[in-house]
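Given chain A, put chain B with the ligands in place with the hints provided.
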Amino acid sequence: MIIKINNKDYDLNIDPNMPLLWVLRDILGLTGTKYGCGVGDCGSCMVLVDSVARKSCILPVSQIVGKSITTIEGLSSDASHIVQKAWIEAGVPQCGYCQPGQIMSAVGLLIAIPKPTDDDINNAMSANICRCGTYSRIRAAIHIAAKG
Amino acid sequence: MENYQNTESVNTRRNFLLQISTLGTGLILSGLIPANQALAQLIKEKNEIQSFIPNVWLEVQSDNTVIITIGQSELGQGTRTSLAMAVADEMDADWANVKIVQGNASNAKYGSQSTGGSSSITGKLTIMRQAGATARAMFITAAAQTWNIAESACKADAGYILEIAGSRKLSYGDLSTKAATLPVPTNLTLKTAKDFKYIGSSKPVFDCADIVMGKTEFGIDAKVTGLKYAMAAFPPTIGASVKSYDDTDTLKIPGVLKTFKAAGGVAVVADNTYAAMQGVEALKISWNMGSNTGLNSDVIYKSLTDKIGTLDSLPGNTIKTLEATYQVPFLAHAPMEPMNCTVNIQGTTCEVWVSSQDSQSVQATVASATGISAANVTVHSCLSGGGFGRRSNVDYANYAASIAKQSGYPIKFLYSRKNDIQRDNSNRPASVHALKAGLDTSGKITGWVHRGIYAGGGSVGSPPYSLPSPKNYQDAGNTTVPTGAWRSVSASQCVFAIECFIDEIALAAAKDPLDFRLGISNNSRVTAVLNELKTRSNWTNPLPKGSGRGVSIFSGWGGYCGHVVEVTVNNGILKVDRAICVVDVGFALNLFTIESQMMGGIIDGLSTATRAEITIAAGAVEQTGYGDFQWFRMNEAPKIEVYIIHTGTSPSGVGELGFPTVTPALCNAIYNAIGVRIRRLPISYTELKSTSVKEEINRDLIKVNPNPFGNEINIDLTNVEKLGQLECKIYDISGNLIYMSSFPQNFMANNYSIDSSNFISGTYILRISTANKHYTAKIQKV
Ligand code: FES
Ligand code: FES
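Sequence order for the protein chains is A and B. In terms of our numbering, the first sequence opens at residue 16 and continues consecutively. In terms of our numbering, the second sequence opens at residue -19 and continues consecutively.
Next comes chain A alone, as it looks inside the complex (with noise of 0.2 Å):
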């Protein structure tokens, strides 16, 4: 099975029901991708799927060959993207672990609708905890990327 991410063709020989988080996480070591729950409850597992934040938790990596997937890591090598440059301006992180989640899910709304208003954020971002309760400067973050 040949999976895509990041930009790079991975050949594997896996259980295509393995959800893509252990595929991530367990056999290619990508673990900016974050276990939170594993059903699909709070976002930390957030990845692109073509441009449309998914949760890897509840994707089996088999429905995902031909699609072209994004990881945090992919998003750039020095923190240049600009959800990542935003979340940087606002000081968004406090433990850390969600974050990868939140800003695919904010990545994603960011290409669905690129001037996202108060409730497009809600919408969107609601897929995600946070349980260090930053969701302010996430807020803030997306309308500074949104700012460009």
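Possibly wrong hints are sitting among the right ones.
Quick list of in silico lysine to aspartate or glutamate cross-link-like pairs, EDC-like style, CA-CA up to 16 Å [as the list claims (entries may be wrong)]:
id	chain 1	residue 1	chain 2	residue 2
1	B	K424	B	E512
2	B	K619	A	D134
3	B	K619	A	D65
Cβ-Cβ distance ranges computed for the label pairs, FRET-style [unchecked claim]:
id	chain 1	residue 1	chain 2	residue 2	range
4	B	G180	A	L27	50 to 60 Å
5	A	Y25	B	G206	16 to 26 Å
6	B	K525	A	G44	51 to 61 Å
7	A	G163	B	T329	48 to 58 Å
8	A	N28	B	K232	35 to 45 Å
9	A	A127	B	E692	47 to 57 Å
10	B	S182	A	K130	39 to 49 Å
11	A	K82	B	G628	22 to 32 Å
Stretch by stretch, here's where chain B covers chain A in the computed footprint (C-beta under 8 Å, at least three residues) [stated by the list, open to error]:
id	stretch
12	19 to 28
13	89 to 95
14	150 to 160
Source of the hints: derived by calculation from the structure; they are not laboratory data. On a predicted model such as this, the values are computed, not experimentally measured, just so you know. Virtual Cβ for every residue (Gly too), placed ideally from N, Cα, C.
Positioned in the frame of chain A, the structure of chain B with the ligands alone reads:
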């Protein structure tokens, strides 16, 4: 950083300890290991870069890099960043050259590294400032000797020593070789506030860039050659144990390697986490269910209320007596990163990667589980994905170590989210609080009685008010459920009861709740926080009908914190509009992380007040994940304002301080909005009925299968009266109606389905109305 220890000189260490102790600060001194020239040479040979190491916290390299080591764990509270600011300020370092590293577990080097109880800044600030001041003094001496001028003719500035009267300057890197030859100074002068450059400023966590790139290594991200993954089937009830088990199906799963009795249950070791998870599912375990199968939440609450007894009587001048009982549930911590630990045993040594609040306790635990001496157990204290008290308990380290030992593999042991919630071994204890107070003819409080009964350890304290001889009692009821420290410990429950009751008293005395508090404040800092809240919230400006404002204040951990919360309640649907926090932290080290902690406290306070709750049935925790142990999300998070008062005295704890007053301010706001007094958490929708004449029915009576739901909501109406025209309405969490339908006439079935494919993920309120009743349930779309 660890190899330095081997080269330290015992003699100089003793001298240094002696010198420092003359400061009479009563600090933990074990971490102060001095500069050592032999060491400087050693580092030079290895790395081509020479290092000056005045103590265990600090290393200055010849290329000007300043490496600051922090011993406490980082859980998102910003400790590493904030303590490094203190070191950098006192040594006049250039922040751009500062690198921050986490110290491995070592009591000899760092003293206690236990990170909890908001103790990191209060406990370590002075010693970290001294560590920086030591370096500054030595650089000044080194420059003065180099230029052959008086030390008083030199000054430190942003990584340089400058000649005050001239133009000469030398960087710390230039001076590091010379500084490493000097004795450690006997007199340290710490800066005064007017000279602070970083202390009291505002800095986000230093590793923000790494975090946003996904590069930061949390414990769960540890990478070890040959690593295997382990998960466990934990006992299904509190106190159950394995009778026997059959792993035939488990071992058939590709990638599964071995199974063991471990973690009180059965552990599965596999090539990857997915195989381990499947392996656990496939185990057939026969359990001894233990003696707690009859335990449930009602039994526990009864054991608590049974212990309340008779409250003391009030003085004779009492003309009005108020009594109320408040109830607070168990809470799990549920930090985003589930409990985990990675252990690699290699002969007589062992390496551990862990997200913990107590790396030394991990070290001791792994040592005893493996039989390897603690000195040979290296614990890498990784960034923790939250802690909130849970990570002070190190059960995960014990299990990881014993599975690594039994299996012979390097092991990453992981709790599933369900394990993490159901096996939280330090839940906040449930508690009940009976309060009694009296008023005299002039509306003054005559007496105060508070009995707090906990399903575990807990205490009752007095609020920061002038109360005539308050009588506080604490006791314990059924303590079967494992309990421990949860953000702000007993204050998380007591303050809810006390501050709601104070509101009840204020209203009985026909006084404004905020002014009433000002009238009984026992402390000028309490008064200042209340006055600031009054101004910031526009307290006297009326809100529209259905909206309300509530206030609450608390003193603890050396600081003062208060909140005003604004809510709107519409048809039983609660919306939090605004939360204002005013906090007096005494001495503010890092404004940014203080604000972060206050924001987190607000989200925690609102989440636990309105929904998060651990309940017990048949001896087990009922909740299974974030779907039924729910936290606020973006769409529910209110507008937050934080105002920090800096009184310049000693620093208060911050992590706990921002939590206790959120819930009572919320509940007082609900009363202000609709006249409903909340005395039991989490707040039930049925209690929030306002104008409706229909009876509001507890949410337990309608069920949605599954919940969380996907593209279809299947409503189980078995327990719903089939009377009148049935209607279904769904609101989002902000109270907006987003779906409405009428059932077919004479609808008698027990099931009803709704297409929810165009609902976005999140929490909704489902409301079924019949002739006489409204049934309400919180439901969740994934
Ligand atoms: S880990 Fe995927 S949604 Fe929680
Ligand atoms: S920053 Fe800690 S969970 Fe979001």
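Right, here's what the structure says about each hint:
For the proposed pair K424 of chain B and E512 of chain B, the alpha carbon gap of about 24 Å is over 16 Å, so the pair is violated. Proposed proximity of K619 of chain B and D134 of chain A is supported: the alpha carbons are some 14 Å apart, at most 16 Å. A C-alpha spacing of about 33 Å is found between K619 of chain B and D65 of chain A, which places the hinted pair above 16 Å, so the restraint is violated. The given range of 50 to 60 Å is respected by G180 of chain B and L27 of chain A, whose C-beta atoms sit roughly 52 Å from each other.
Between Y25 of chain A and G206 of chain B the CB atoms are about 21 Å apart, so this pair conforms to the stated range of 16 to 26 Å. At roughly 58 Å, the beta-carbon separation of K525 of chain B and G44 of chain A lies within the given 51 to 61 Å, and the hint holds. Between G163 of chain A and T329 of chain B the beta carbon distance is about 52 Å. The supplied range of 48 to 58 Å therefore holds. For the hinted restraint 35 to 45 Å between N28 of chain A and K232 of chain B, the CB-CB distance of approximately 18 Å leaves it violated.
Roughly 24 Å separates the CB atoms of A127 of chain A and E692 of chain B, a value that falls outside the hinted 47 to 57 Å. Between S182 of chain B and K130 of chain A the C-beta distance comes to about 29 Å, which lies outside the given range of 39 to 49 Å. For the hinted restraint 22 to 32 Å between K82 of chain A and G628 of chain B, the CB-CB distance of approximately 58 Å leaves it violated. Look at the stretch 19 to 28 of chain A against chain B: 0 of its residues bring a Cβ nearer than 8 Å to a Cβ of that chain, fewer than three, so the hint is violated.
With 5 residues carrying a beta carbon less than 8 Å from a beta carbon of chain B, the stretch 89 to 95 of chain A meets the three-residue requirement, and the given coverage holds. Evaluation of the coverage hint for the stretch 150 to 160 of chain A: fulfilled, as 5 residues show C-beta separations to chain B shorter than 8 Å, against a requirement of three.
Against the hints set out earlier in the document, violations occur for numbers 1, 3, 8, 9, 10, 11 and 12.
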